[in-house]
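Construct the complete structure from the given sequences, taking the supplied hints into account.
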Amino acid sequence: MAQRSEHADRVLDLARKEADRFGHRYLGPEHLILGILRDGRSGASRALEASGVDLAAARAAVGQLVDRGVVPRPRPSDADLLGTLGVDLAAIRQTTEQTFGHMAVGRAIREATGRDAGGLGGCRGHRCATRQWSSVRSSSTPASRPEHLAAG
Amino acid sequence: MSEAASSEVTQVAAATSSQDPEVGLAAVAALRDLVEVLEALQVENARAKGWSWQQIAARLGVTKQAVHHKYAGRRFGFRR
Numbered sequence: 000m001a002q003r004s005e006h007a008d009r010v011l012d013l014a015r016k017e018a019d020r021f022g023h024r025y026l027g028p029e030h031l032i033l034g035i036l037r038d039g040r041s042g043a044s045r046a047l048e049a050s051g052v053d054l055a056a057a058r059a060a061v062g063q064l065v066d067r068g069v070v071p072r073p074r075p076s077d078a079d080l081l082g083t084l085g086v087d088l089a090a091i092r093q094t095t096e097q098t099f100g101h102m103a104v105g106r107a108i109r110e111a112t113g114r115d116a117g118g119l120g121g122c123r124g125h126r127c128a129t130r131q132w133s134s135v136r137s138s139s140t141p142a143s144r145p146e147h148l149a150a151g
Numbered sequence: 000m001s002e003a004a005s006s007e008v009t010q011v012a013a014a015t016s017s018q019d020p021e022v023g024l025a026a027v028a029a030l031r032d033l034v035e036v037l038e039a040l041q042v043e044n045a046r047a048k049g050w051s052w053q054q055i056a057a058r059l060g061v062t063k064q065a066v067h068h069k070y071a072g073r074r075f076g077f078r079r
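Here the protein sequences come in this chain order: A and B.
Heads up, the first sequence is in numbering that gives the first Met the number 0, so the first residue is 0 and it goes up one at a time.
Heads up, the second sequence is in numbering that gives the first Met the number 0, so the first residue is 0 and it goes up one at a time.
Just so you know, these hints were derived from the structure itself, not from any lab.
A virtual CB, placed ideally from N, CA and C, is assigned to each residue, including glycine.
Careful: at least some of the hints might be erroneous.
As the list claims (entries may be wrong) - Distance windows between CB atoms, simulated:
no.	chain 1	residue 1	chain 2	residue 2	range
1	B	Gly72	A	Gly62	28 to 34 Å
2	B	Thr62	A	Arg20	42 to 48 Å
3	A	Ser4	B	Gln54	46 to 52 Å
4	B	Gly60	A	Lys16	37 to 43 Å
5	B	Gly49	A	Ala60	39 to 45 Å
6	B	His68	A	Ala90	30 to 36 Å
7	B	Ala57	A	Pro28	35 to 41 Å
8	A	Asp8	B	Val27	49 to 55 Å
9	B	Arg31	A	Val69	44 to 50 Å
10	A	Gly62	B	Arg31	26 to 32 Å
11	B	Leu24	A	Ala89	19 to 25 Å
12	B	Gly60	A	Ser50	22 to 28 Å
13	B	His67	A	Ala43	43 to 49 Å
14	A	Met102	B	Gly49	29 to 35 Å
To be verified - If you want the footprint, here are the derived chain A segments under chain B, 3+ residues with CB under 8 Å:
no.	stretch
15	25 to 33
16	44 to 57
As the list claims (entries may be wrong) - Take a look, some chain A residues computed to stay more than 12 Å from chain B by CB distance:
no.	residue
17	Gln2
18	Arg15
19	Arg40
20	Arg72
Pasting the structure below:
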């Protein structure tokens, strides 16, 4: 199989950013085109631009596809989705960070979901569901483990 | 997508709750990932405290092999 070039990785990364921009949890051809245009340093982007397709026009076109229901609407945040079940994600995050610390929670998110704790890592189907776990605003301060929990 | 549009979708989601399969299924997927994160935290903590895979598996209600296979390769970083 052909190796993916660094340039292709960069375009993929930009495509993911475009997917995020639309609130999408998947990476589709529409995002790849936006990524190519946003990168703007390839024959593909020049060909698109020569045909009158620039980033702004392509984004507007995707927006129209969303409006027409061809492309999915933005998915609600994990906090909102869990809220429909009566689960308070912000409270859970606060509790777990106070108990285990900010670093351990970030590591658990990476290990359990395969995504970066910063929330914008690789997106893999339904695994994207917890993406915004890490973007929930938490009022907690990263705390060391309380003594009573540190006891064996 | 503008924030206003996102907010609108969020409101729709909250209003329709799990009656809408689109929202209900996505909510279950989010919950599943949340459980995975919480389990990873607890397993990491238990290992850091010297619990055996057998002990952890018993509390999780799974076999020792299952929990070992799932977590043994992970690099737990808890400092004692």
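Here's how the hints hold up against the structure:
1. B:Gly72 with A:Gly62: 28 to 34 Å: violated, 43 Å
2. B:Thr62 with A:Arg20: 42 to 48 Å: holds, 44 Å
3. A:Ser4 with B:Gln54: 46 to 52 Å: At 48 Å between Cβs, range holds.
4. B:Gly60 with A:Lys16: 37 to 43 Å: holds, 40 Å
5. B:Gly49 with A:Ala60: 39 to 45 Å: violated, 58 Å
6. B:His68 with A:Ala90: 30 to 36 Å: 32 Å Cβ-Cβ, so the 30 to 36 Å window holds.
7. B:Ala57 with A:Pro28: 35 to 41 Å: 48 Å Cβ-Cβ, so the 35 to 41 Å window is violated.
8. A:Asp8 with B:Val27: 49 to 55 Å: violated, 32 Å
9. B:Arg31 with A:Val69: 44 to 50 Å: violated, 28 Å
10. A:Gly62 with B:Arg31: 26 to 32 Å: Check passed, 31 Å falls within 26 to 32 Å.
11. B:Leu24 with A:Ala89: 19 to 25 Å: 22 Å Cβ-Cβ, so the 19 to 25 Å window holds.
12. B:Gly60 with A:Ser50: 22 to 28 Å: violated, 58 Å
13. B:His67 with A:Ala43: 43 to 49 Å: holds, 47 Å
14. A:Met102 with B:Gly49: 29 to 35 Å: violated, 20 Å
15. 25 to 33: n = 0 at 8 Å, threshold three: violated.
16. 44 to 57: n = 0 at 8 Å, threshold three: violated.
17. Gln2: holds, 26 Å
18. Arg15: holds, 15 Å
19. Arg40: Check passes; 26 Å lies beyond 12 Å.
20. Arg72: Given a closest Cβ separation of 5 Å, the condition is violated.
Hints 1, 5, 7, 8, 9, 12, 14, 15, 16, 20, counting from the list given before, are not met by this structure.
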